[in-house]
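Put together the whole structure using the sequences plus the hints.
Protein chains: 2
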Amino acid sequence: MTAAMNGHRPAAGHRVVIIGAGFGGLFAARALRRAPVEVTIVDRANHHLFQPLLYQVATGVLSEGDIAPPIREVLRRQHNARVLLGEVVDVDLAAREVAFDTLGTRSHLPYDSLIVAAGAGQSYFGHDEFAAHAPGMKTIDDALELRGRIFGAFEMAELEPDPGRRDPWLTFVVVGAGPTGVELAGQIAELSRRTLKDNYRSFDSAQARVVLLEAADKVLAPSPEPLRRRAHRDLERLGVDVRLHTMVTGIDAGGLDTLQDNHTAGRIQAHTKIWAAGVQASPLGAILAQQSATTLDRAGRVSVAPDCTLPDHPEVFVVGDLMQLDHLPGVAEVAMQSGVHAARTITRRLTGDASERPFRYHDLGTMATIARFRAVAYIGRLRVTGITAWLMWLFVHLAFLTGFKNRVAASANWLVAFLGRGRRQRTITQQQILAHTHAAQGSQEALAADPRQPITSRR
Amino acid sequence: MTAAMNGHRPAAGHRVVIIGAGFGGLFAARALRRAPVEVTIVDRANHHLFQPLLYQVATGVLSEGDIAPPIREVLRRQHNARVLLGEVVDVDLAAREVAFDTLGTRSHLPYDSLIVAAGAGQSYFGHDEFAAHAPGMKTIDDALELRGRIFGAFEMAELEPDPGRRDPWLTFVVVGAGPTGVELAGQIAELSRRTLKDNYRSFDSAQARVVLLEAADKVLAPSPEPLRRRAHRDLERLGVDVRLHTMVTGIDAGGLDTLQDNHTAGRIQAHTKIWAAGVQASPLGAILAQQSATTLDRAGRVSVAPDCTLPDHPEVFVVGDLMQLDHLPGVAEVAMQSGVHAARTITRRLTGDASERPFRYHDLGTMATIARFRAVAYIGRLRVTGITAWLMWLFVHLAFLTGFKNRVAASANWLVAFLGRGRRQRTITQQQILAHTHAAQGSQEALAADPRQPITSRR
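Protein sequences, first through last, are from chains Z and F.
Positions in the first sequence are counted from 1; adding 1 to them yields my numbering.
Positions in the second sequence are counted from 1; adding 1 to them yields my numbering.
Be a bit skeptical, because a hint or two may be false.
When chains are identical, the list treats them as one kind, so a pair holds in a single copy or across two.
Said to hold, decoys possible - Straight-line Cα separation of at most 20 Å, SDA-like style, residue types lysine to any residue; simulated pairs:
hint	residue 1	residue 2
1	Lys139	Gln433
2	Lys139	Pro37
3	Lys198	Arg34
4	Lys198	Arg210
5	Lys139	Ala95
6	Lys139	Arg195
7	Lys219	Ala306
8	Lys198	His80
9	Lys139	Glu88
10	Lys198	Asp298
11	Lys198	Arg238
12	Lys219	His264
13	Lys198	Ile288
14	Lys139	Arg167
15	Lys139	Glu237
16	Lys139	Leu435
17	Lys219	Pro315
18	Lys198	Arg77
19	Lys219	Arg230
20	Lys198	Gln261
Since the hints were made in silico from the structure, they are not lab data.
So this is what it looks like as structure tokens:
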């Protein structure tokens with residue numbers, strides 16, 4: 002089997018190319034493990050990303066390795082699968098070929114079946130200039146950048162003797178109260194109130210302000226009402242300043258401009274801003290739409306037939322966050338199930354069964370954790386909150402990580418973070434400090450003419 | 002106590018400023034915990050770095066958080082100590098003041114006693130142009146960069162159908178056979194032979210070549226002879242190509258030029274090169290030498306009086322890798338003991354005891370681990386090798402990390418790496434891929450006109 006995969010012999014079987022190794026692509030690849038096919042999975046990263054826990058990397062609980070197992074390690078024993086590092090830049094539906102770039106060199110991959118699981122990136126709703134000031138929460142790079150900014154802000158606060166200039170370093174604004182925004186705001190609040198206790202000499206870290214901005218009228222919008230209420234209450238108990246009906250109209254180095262209830266303009270002075278508001282599907286969606294009879298929705302998602310294929314290209318599947326079907330939400334569970342559906346359809350066709358079977362999503366529920374021992378979960382009609390929901394959250398996420406063999410060390414990190422007080426992953430890199438130094442020097446002329454007082458003046 | 006430290010009251014006690022939170026600075030700070038002083042420790046990083054394990058971060062065994070605890074977390078309960086983030090750029094011995102920069106803003110710190118523990122960086126022996134092609138092993142940034150390059154090289158090899166062009170991706174050259182170079186070469190060999198087994202489809206990762214170049218006539222030069230022999234044998238058993246009497250005369254993107262036995266020129270084609278050869282003391286040494294009656298040695302280290310002070314400035318201590326005293330080696334143990342010596346001298350002076358006590362180094366031995374279950378150790382006259390030495394190595398390092406509360410998760414990572422087959426920290430960031438893409442595109446014209454074959458041509 003390995004010989005057939007090593008690229009030196011002509012293709013023996015049906016070639017399945019999978020674009021993206023997120024939940025959709027990886028579950029599709031695994032569901033093809035016993036199929037008589039040759040699977041090639043292309044991703045621009047070397048790792049699968051367990052995105053639901055990305056906010057814990059940003060806030061110092063987990064290491065990047067805890068949630069980002071190498072794709073090829075996950076598929077190590079699956080001999081009909083190979084993994085290639087590269088960014089897919091084009092799909093030629095007529096020629097049945099995918100083009101991808103690695104270190105500036107282009108390669109081409111022919112396919113018999115194609116599963117496009119390229120996912121979605123952050124959307125700034127047309128304000129891409131916000132990105133430099135408010136990173137998103139989509140990649141390991143984002144999480145490490147945020148980690149550096151969050152812990153770096155506390156470092157800067159320790160250096161700042163003037164309270165009026167210190168406060169913006171101790172103000173953290175999260176834009177968007179979906180699951181990522183809610184969990185992130187909760188974690189930053191816990192970090193400041195518990196983990197960082199006694200770490201600073203010139204201020205009390207519990208003074209830090211965490212503001213959660215949401216344009217809609219509720220947090221965790223797609224969840225059932227009792228859960229939303231509980232999450233909202235838990236956030237406020239943690240001291241998070243939750244502001245609904247609040248739009249962000251501007252973001253710069255020093256803070257954010259807001260508009261509340263469509264008429265009250267406001268300003269929050271804050272050095273650390275995090276964007277968890279919108280998603281935009283991969284640009285590959287537009288490439289597919291140009292060549293087929295499908296359409297894109299406002300978020301750039303590809304409308305697919307009931308079996309997740311392109312209307313006029315039954316050999317091309319679109320799954321996960323890039324797929325638009327029955328207004329299904331962009332959650333991991335939909336991605337996994339649609340990926341598996343695509344894999345099963347390909348397998349069935351190879352046995353001569355060409356019948357169309359529509360994709361049916363089985364909603365297994367939704368959960369979010371606000372802080373240690375606090376979570377909300379909704380499983381079918383069952384509502385769970387508090388420590389029970391939190392233990393369920395822990396169990397489900399551990400079970401998932403187990404699949405990727407990361408259980409032992411993630412457990413250890415969680416043990417330290419949840420039972421103890423510490424967080425082990427608080428590294429700021431020199432590169433991050435350098436980047437922010439350059440940014441600060443560039444904007445220094447724009448800053449008030451009043452330079453920071455030397456430390457000697459404090460004494 | 003905290004109030005006196007918060008910068009809003011005049012200084013109450015004797016002000017000790019410590020530059021650098023490596024082994025020397027951190028042990029000095031801790032040794033002052035009961036002294037009637039105000040300690041300020043300034044470091045350009047937010048973390049102490051457990052440098053002896055840096056090579057394990059580079060090779061995917063440990064996360065950066067495992068070996069880089071935040072300085073302020075280590076000193077959390079020491080209320081007479083504060084920690085400031087900044088790069089010290091000047092010391093004014095006459096004014097007794099230290100200047101440091103943070104995000105482009107300068108601050109000044111007056112002192113009554115100063116402990117300079119700024120350490121040493123990589124030295125390329127006048128060939129700084131080597132740095133871009135062969136990163137050193139001194140900081141977390143270095144280790145993460147190397148991690149990306151090592152795992153990235155295997156990714157590139159998987160994409161390369163031409164064996165002649167694949168081999169340079171599978172060749173790893175470590176320059177310098179001191180402890181870091183020896184341990185790194187051993188780890189890369191283990192990585193390729195064990196961890197990455199079955200990860201690739203177009204080659205066997207065990208084919209990877211690891212070359213260890215050393216200009217001198219032995220590995221682990223300062224260690225006793227039986228240990229050197231054992232280390233050499235262990236490396237060769239692991240399949241490391243150890244080349245002694247070999248100088249590096251050039252390094253570029255594609256490989257290294259070497260000179261063996263002073264007359265045979267050679268060339269090794271390798272994309273991944275690591276520099277573990279020379280150290281150069283911090284530039285603060287030169288700043289001190291300009292203002293006092295001390296001299297610098299060839300490596301830029303500051304000659305100190307027997308009690309670790311500057312000859313004409315008894316209030317200024319130089320400790321650790323920046324210190325030149327009795328030709329002591331630049332190892333963690335010397336840094337710790339000299340840092341503690343400086344702290345005790347300051348404490349004794351404050352009680353009115355002005356007697357000079359020279360620093361006496363107690364050699365507690367030396368150890369290095371080549372691979373899982375293989376190490377060499379020398380404790381006094383006792384020689385230990387093999388699994389016994391390895392267990393000692395594990396115990397000593399765990400005991401050290403324990404002091405920084407990182408035992409649980411580091412143990413878990415080690416359990417996975419040593420008892421199992423896996424390594425959990427294999428993340429390549431998009432930023433790293435992007436940087437190498439730009440580098441590759443920049444040098445593409447310089448490369449052979451023969452572009453890499455598209456993958457389609459393999460089938």
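Hints versus structure:
1. Lys139 <-> Gln433: both (18 Å within a copy, 17 Å between copies)
2. Lys139 <-> Pro37: Classified as neither: same-chain Cα gap 34 Å, cross-chain 49 Å, threshold 20 Å.
3. Lys198 <-> Arg34: between (49 Å within a copy, 19 Å between copies)
4. Lys198 <-> Arg210: within (15 Å within a copy, 48 Å between copies)
5. Lys139 <-> Ala95: neither (32 Å within a copy, 52 Å between copies)
6. Lys139 <-> Arg195: So Lys139 and Arg195 fail the 20 Å test inside a copy (26 Å) and across (32 Å) alike.
7. Lys219 <-> Ala306: neither (32 Å within a copy, 68 Å between copies)
8. Lys198 <-> His80: between (50 Å within a copy, 13 Å between copies)
9. Lys139 <-> Glu88: within (16 Å within a copy, 32 Å between copies)
10. Lys198 <-> Asp298: neither (47 Å within a copy, 44 Å between copies)
11. Lys198 <-> Arg238: within (18 Å within a copy, 50 Å between copies)
12. Lys219 <-> His264: within (19 Å within a copy, 76 Å between copies)
13. Lys198 <-> Ile288: neither (51 Å within a copy, 37 Å between copies)
14. Lys139 <-> Arg167: Neither. Shortest intra-copy (29 Å) and inter-copy (32 Å) distances fail the 20 Å Cα cut-off.
15. Lys139 <-> Glu237: neither (26 Å within a copy, 44 Å between copies)
16. Lys139 <-> Leu435: So Lys139 and Leu435 pass the 20 Å test across copies only (17 Å; inside, 23 Å).
17. Lys219 <-> Pro315: Neither. Shortest intra-copy (40 Å) and inter-copy (65 Å) distances fail the 20 Å Cα cut-off.
18. Lys198 <-> Arg77: between (43 Å within a copy, 8 Å between copies)
19. Lys219 <-> Arg230: Intra 9 Å, inter 69 Å, cutoff 20 Å: intra-copy only.
20. Lys198 <-> Gln261: neither (33 Å within a copy, 57 Å between copies)
The structure is inconsistent with the numbered hints 2, 5, 6, 7, 10, 13, 14, 15, 17 and 20, although it conforms to all the rest.
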